[in-house]
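**Student:** Please work from the sequences and hints to get the whole structure.
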Amino acid sequence: MSAYDALVFNTMRAGENAMTSEQQAGMTQFISGGKGFVCIHIAGCASEDWMEYYDITGGGWLLNDSYHPPYGQFEVNITDADSPGAAGISDFTTNDELYMGIEYRDGNDVFMTGDSEDGTWVWRGEETFMAGGTFPLGWTRAYGEGKVFTTLLGHNGLSFETPEFQRIVLNGIDWTTS
Numbered sequence: 001m002s003a004y005d006a007l008v009f010n011t012m013r014a015g016e017n018a019m020t021s022e023q024q025a026g027m028t029q030f031i032s033g034g035k036g037f038v039c040i041h042i043a044g045c046a047s048e049d050w051m052e053y054y055d056i057t058g059g060g061w062l063l064n065d066s067y068h069p070p071y072g073q074f075e076v077n078i079t080d081a082d083s084p085g086a087a088g089i090s091d092f093t094t095n096d097e098l099y100m101g102i103e104y105r106d107g108n109d110v111f112m113t114g115d116s117e118d119g120t121w122v123w124r125g126e127e128t129f130m131a132g133g134t135f136p137l138g139w140t141r142a143y144g145e146g147k148v149f150t151t152l153l154g155h156n157g158l159s160f161e162t163p164e165f166q167r168i169v170l171n172g173i174d175w176t177t178s
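Under UniProt numbering, the residue at position 153 of the sequence shown is numbered 153, and the numbers go up by one with no gaps.
For the record, the hints were derived by calculation from the structure and aren't laboratory data.
Even glycine gets a Cβ: it sits at the ideal position worked out from N, Cα and C.
It is possible that some hints are incorrect.
Derived CB-CB ranges, DEER-like [stated by the list, open to error]:
id, residue 1, residue 2, range
1, Glu161, Tyr4, 23 to 29 angstroms
2, Gly34, Ala87, 18 to 24 angstroms
3, Asp65, Gly119, 17 to 23 angstroms
4, Leu170, Arg105, 22 to 28 angstroms
**Tutor:** Shown next as structure tokens:
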């Protein structure tokens, strides 16, 4: 992978997409050695045998513990306009999933959040109460000598059509490779 400056993932790293221990070690070395990593939406989810992945990403979806209200429209708030992730972006509305109950690590520079009201929705076939609040949706962080950019946005094609989402991903690539 030495010919590349960054990895961009947009698929979970669990189940049939789980990485072997050799791949995990290679990715860890790639990033900690000074390369970049852009983690989009469910790509923050790893198999239970690789909890170090959350040290790399700064957090993400936990297969048995994370949840979200129904897919829908909500406001995204830029909380740090000076962040490289927020360059050229102000608050916007998107169609996406607002992740809750994620693994979240210290050391993240959060630049983007979303708010949700308390509500009860069907989750995994059961009525589930989900406490509202403000939830991180994007952050930057260091991992060793590398740069990591994580956004929890990006569920599907409609999400990807949002111009601000497109700019966020490009910001992540630009920042992790600079």
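**Student:** Does each hint hold? Answer for all of them.
**Tutor:** Structure-based check of each hint:
Separation of Glu161 from Tyr4 is about 27 angstroms and conforms to the stated range, judged on CB atoms against 23 to 29 angstroms. Take Gly34 and Ala87: their Cβ atoms lie about 22 angstroms apart, and the range 18 to 24 angstroms holds. In this structure, Asp65 and Gly119 meet the distance hint of 17 to 23 angstroms, their C-beta atoms being roughly 18 angstroms apart. As the Cβ distance of Leu170 to Arg105 is approximately 25 angstroms, the hint placing it in 22 to 28 angstroms holds.
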